[in-house]
Amino acid sequence: MVAYFREMFVGLWSLVAGMAVTIRYFVRPIVTVQYPRQKLTMTPKYRGHIELIMDPETNTHRCTACGMCVRTCPSSLITVEGVKVKKKKLPVKHVIDYSYCSLCGLCVEVCPTKALKFSNEYRLAGYQRQDMVIDLMARLDAERATVGLPPLPIPTPESEEETTSAEEKA
Amino acid sequence: MIVALIGVIALVSVNALFLIWMERKVAAHIQLRPGPMEVGFHGALQTVADAIKLIGKELITPEEVDRPIYLLAPIVIFLPVLVLFLVIPFAPNLIIRDLNVGILLIFAFSSLTVLSILMAGWSSNNKYSVFGAIRSIAQNIAYEIPLLITAMSIILMVGSFKLSAIVAAQDKVWFVVIQPLAFLLYIICATAETNRAPFDIPEAESELVAGFHTEYSGMRFGLFFLAEYTNMFVVSAVATVLFLGGWRGWILPPVVWFLIKVYAIIFLIMWFRWTFPRLRFDQLISFAWKVLIPLAFVNLLVTALAIKLF
Ligand code: SF4
Ligand code: SF4
Chain A
1 MVAYFREMFV
11 GLWSLVAGMA
21 VTIRYFVRPI
31 VTVQYPRQKL
41 TMTPKYRGHI
51 ELIMDPETNT
61 HRCTACGMCV
71 RTCPSSLITV
81 EGVKVKKKKL
91 PVKHVIDYSY
101 CSLCGLCVEV
111 CPTKALKFSN
121 EYRLAGYQRQ
131 DMVIDLMARL
141 DAERATVGLP
151 PLPIPTPESE
161 EETTSAEEKA
Chain B
171 MIVALIGVIA
181 LVSVNALFLI
191 WMERKVAAHI
201 QLRPGPMEVG
211 FHGALQTVAD
221 AIKLIGKELI
231 TPEEVDRPIY
241 LLAPIVIFLP
251 VLVLFLVIPF
261 APNLIIRDLN
271 VGILLIFAFS
281 SLTVLSILMA
291 GWSSNNKYSV
301 FGAIRSIAQN
311 IAYEIPLLIT
321 AMSIILMVGS
331 FKLSAIVAAQ
341 DKVWFVVIQP
351 LAFLLYIICA
361 TAETNRAPFD
371 IPEAESELVA
381 GFHTEYSGMR
391 FGLFFLAEYT
401 NMFVVSAVAT
411 VLFLGGWRGW
421 ILPPVVWFLI
431 KVYAIIFLIM
441 WFRWTFPRLR
451 FDQLISFAWK
461 VLIPLAFVNL
471 LVTALAIKLF
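As you go down the protein sequences, you meet chains A and B in turn. Under the numbering used here, residues 1 to 170 are what the first sequence spells out, in order. Under the numbering used here, residues 171 to 480 are what the second sequence spells out, in order.
Read the hints as simulated data drawn from the structure, not as lab findings. Virtual Cβ for every residue (Gly too), placed ideally from N, Cα, C. Do not take every clue at face value.
From chain A, some residues computed to sit far from chain B (all C-beta separations above 10 Å) [unchecked claim]:
id: 1; residue: Thr72
id: 2; residue: Val110
id: 3; residue: Arg129
Here are the computed distance ranges between Cβ atoms for each label pair [as the list claims (entries may be wrong)]:
id: 4; chain 1: B; residue 1: Leu471; chain 2: A; residue 2: Ala3; range: 18 to 24 Å
id: 5; chain 1: A; residue 1: Asp135; chain 2: B; residue 2: Pro447; range: 50 to 56 Å
id: 6; chain 1: B; residue 1: Phe467; chain 2: A; residue 2: Arg6; range: 58 to 64 Å
Chain B on its own, in the form it takes in the complex (with noise of 0.2 Å):
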């Protein structure tokens, strides 16, 4: 278990700084510049040394901030996060604990985040903080229902709420050609669960200067920025359990196919960030409930139908 915890810690921070870099490079080729070229082989040590320097700051605490709560808060977003990879099956023998309600503990514990940055915006005590942290809630909640929904018409299929059993459903085909529809679905929630841009008005900079982490400097920024990249992680292997059959693949080991897949997810998700401008509040929710909520619920109607009829 102490080796388990120590990989994913590795596996977190490893997974964040190339993400990091990831997603700067993405940033860069798509506005025809090279991006972080100077430390390391094009750039590749560049977050390590930004995380250095995050570790060397300073850490203030603003006057009249609500102090046990602005304490608590990256550490309430952090640790659900390493929750997450209990259950996360990253090759058939690669599980740390393959438990019977994989699923539903994913989406139990990623709806922490959301009481965390209500603490972080709520404590702040600063305007922008708790507006951030309001759309925040406003949106998770809105966005979680279709996520669930969709999730939901998979595990019909499947019967188990099992990972490794999702993903020995897919011998023969991925869930992805059978349901395109959930897959679209459950790709747009996820941008907006991980508050990724074009849903990142938690954070939007232009309005909110940082939105919930405003007040926050040093590590306890850092680590509100490592949750946000670990969360990007987590909801793309869930994706690729439910949708792009796991581990399976051929020739290379099931843990690289794995890995691709996940990868190939966040590109997806980096690229939405690069190509769409951000949506207006009452956009985005009216998307959600007038859009997603009502497609989630006929793709369930239809799937159910179907495993009923054939």
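Next up, chain A with everything else stripped away, as it sits in the complex (with noise of 0.2 Å):
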């Protein structure tokens, strides 16, 4: 008899607990976001396709267009062309196709400059193929222009034609 009501009242003690643990969530703020409208701030450890560093000093990349990335790359899924202006090397055209990247992490541990970095961009999204090839360079100018600064000019080679292929032909 005397277990009977026990049981009875410490069950129903334990539906009354759950009961305060569920109002109290009730009336708390909401965690939510409202996706497309509002938007969180990514961590910067959040490790989306690579993209070049701006460098705060001088409010370009470190680029020197030596292609080691190209070759580390596992995917090869790295383009990158620079021309020699002044025996210092650019890049005109630094291209991901992110289809195939890994987010291994390999391109940015072995650029010679540190040049490269991952990017907080996880809004990816596209109808073909093509939409997930990125312009790295194209990327830094908007950057730039973030801070009102004008395109990157391209780089022209002073004499003869001294374009570099650094795309791998494996």
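Reconstruct the complex from the two isolated chains, following the hints.
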């Protein structure tokens, strides 16, 4: 008899305790973000596709078109073309085909001038494969535009045609 | 009478649309989500859009069903629901028919729901539907007994089956103060009677697909849905009349008070649903027979003794 009532009260109390928990959650502010209208800021650690770092001092990239990233990439999805300007090589084209990228990070690690990083871009959707081809130079120009800078001038070789393709013809 | 009928049908539809929206909002907020937000202000028109979609759906009748019964079940579940609104006193002058046996009529007709669930489950020719129907009947029989006994203890105090008389008897103090145990028992039984979680084993979706209405589509399913939410309104309205003083309140008009109390009880029932896990079948039945019915009897006896002594 005692056990019967005891069980009843213990049970009832546990139900009340449960309801107290849910009502506390009921009045708590909502955590869901209404996505297309509100967006969360990504953490800096988020690994989106790679992009060129904008150097805070020179406001340009640090890439020397050495082609290390092109050779290292296990999926061979990076294309870099550079030209020699005043004994310095500069890229004219830096394009990745993101649909093949495994986000392994080898390109970021191998770059001798530390010119690459992972972007915070998470809104990646496209209607065709071509939409996943990302022009990193254009992205850098867009980033420069946010601080009011014009697009980078296209480097032109001084004399004879010295364009070298660093693309691996594997 | 025609006006009343149209009024009841309008109330039933608007109430169901509102309750579905409310349920989704309550569920969402308990889970820290916003719930429907897109159609109308905070998704208020979402259920209207859903209803239009439901009406547009094809009515599929599976082969091998028991056709007449299969087609009749959604109608049978809905008809008593309309009758129940006849006697609910929304305000002193807002009762369609203030019958002498009002509360009996409500309990008698709300039992018809079980018949319709059995019809739907049996005629669907589907094992899950039959399981759902069997469980529903066992559950409804088990929970109707304590429901009636708790209502009896109120009727003993008032000495009338008339709903307006029960409200009139609460002019000094609401019966929830005098009969807290009866109120608790009534709410538990009402939750079970309307097949709501945690007593929703007739339509336990994780084991029985959708229970007795698995084979229904389109507006036939819509009628079951409508009936469920209307039943919720009815049991809450009866709880309001029996325990919360019906339309009594201050400043605001009586009908507003009545609706506030009804929706407060509905909120409580929804709150149950999003807190408690579903019971197992044996737990459900033994809870009714071993706990609720004895307690209801004791409550009735104590009430009768108290009335005799004072
Ligand atoms: S992260 Fe890996 S796969 Fe992606 S571009 Fe860099 S090296 Fe290639
Ligand atoms: S490894 Fe770095 S510097 Fe060399 S081409 Fe790639 S991004 Fe440019």
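Assertion that Thr72/A lies farther than 10 Å from chain B (Cβ)
44 Å, holds
Decide, holds or violated, for the assertion that all CB atoms of chain B are farther than 10 Å from the CB of Arg129/A.
31 Å, holds
Do Leu471/B and Ala3/A keep their Cβ atoms within the hinted range of 18 to 24 Å?
23 Å, holds
Between Phe467/B and Arg6/A, does the beta-carbon spacing fit 58 to 64 Å?
20 Å, violated
For the hint 50 to 56 Å, verify it against the beta carbon of Asp135/A and that of Pro447/B.
54 Å, holds
Confirm or reject the statement that Val110/A sits farther than 10 Å, beta carbon to beta carbon, from all of chain B.
Holds, since 43 Å exceeds 10 Å.
Consistency with the previously given hints fails for number 6 only.
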